[in-house]
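Undergrad: Kindly generate the complete structure, drawing on both the sequences and the hints.
With my numbering applied, the sequence shown covers 21 to 115.
Please keep in mind that the hints were generated in silico from the structure rather than gathered at the bench. Do not rely on the hints blindly, as some may be mistaken.
[What the hints assert, rightly or not] Each pair of labels, with its calculated beta carbon distance range:
1. Asn105 to His74: 46 to 54 Å
2. Leu109 to Val69: 57 to 65 Å
3. Asp91 to Ala70: 41 to 49 Å
4. Thr24 to Val113: 46 to 54 Å
5. Thr24 to His74: 35 to 43 Å
Predicted model only: the values in this text are computed from it and were never measured. Yeah, the Cβ is synthetic: ideal placement off N, Cα and C, and Gly gets one too.
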Amino acid sequence: MSLTPDDVKRIARLARIETSDAEALATQARLNTIFDLIAAMQSVNTDGVAPMAHAQDVTQRLRDDAVTETDRHAAFQAIAPAVENGLYLVPKVIE
21 MSLTPDDVKR IARLARIETS DAEALATQAR LNTIFDLIAA MQSVNTDGVA PMAHAQDVTQ
81 RLRDDAVTET DRHAAFQAIA PAVENGLYLV PKVIE
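TA: Here it is in structure tokens:
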């Protein structure tokens, strides 16, 4: 797939980007280079290659899922300006 300068200008107009003719030509060349790279990558035979998430077989060490903080809910509720049924009350901002 290759783009024409008119294609680039149309895409720029859709994106609400103002471009000059010189910018459109430069952008066309860069986009066509990207499309050529994509075409080259798609032409590679990948039969028998398993999909992978990472190039190396690594795993992340995980920590134990243990509570490390104490429950300070009551202390925070005690200093709050307005509390009801364990919830913080705030001023109404939408009518």
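Undergrad: Does each hint hold? Answer for all of them.
TA: Here's how the hints hold up against the structure:
1. For asparagine 105 and histidine 74, the hinted distance range of 46 to 54 Å is satisfied, since their beta carbons lie about 48 Å from each other.
2. Checking the proposed 57 to 65 Å range against leucine 109 and valine 69 shows it holds: the Cβ atoms sit about 59 Å from each other.
3. Range check, aspartate 91 to alanine 70: about 47 Å between beta-carbon atoms, so the 41 to 49 Å window is met.
4. One distance hint, 46 to 54 Å for the beta-carbon pair threonine 24 and valine 113, holds here, with the actual separation near 52 Å.
5. About 39 Å separates the C-beta atoms of threonine 24 and histidine 74, a value consistent with the hinted range of 35 to 43 Å.
Every hint from the earlier list agrees with this structure, and none is contradicted.
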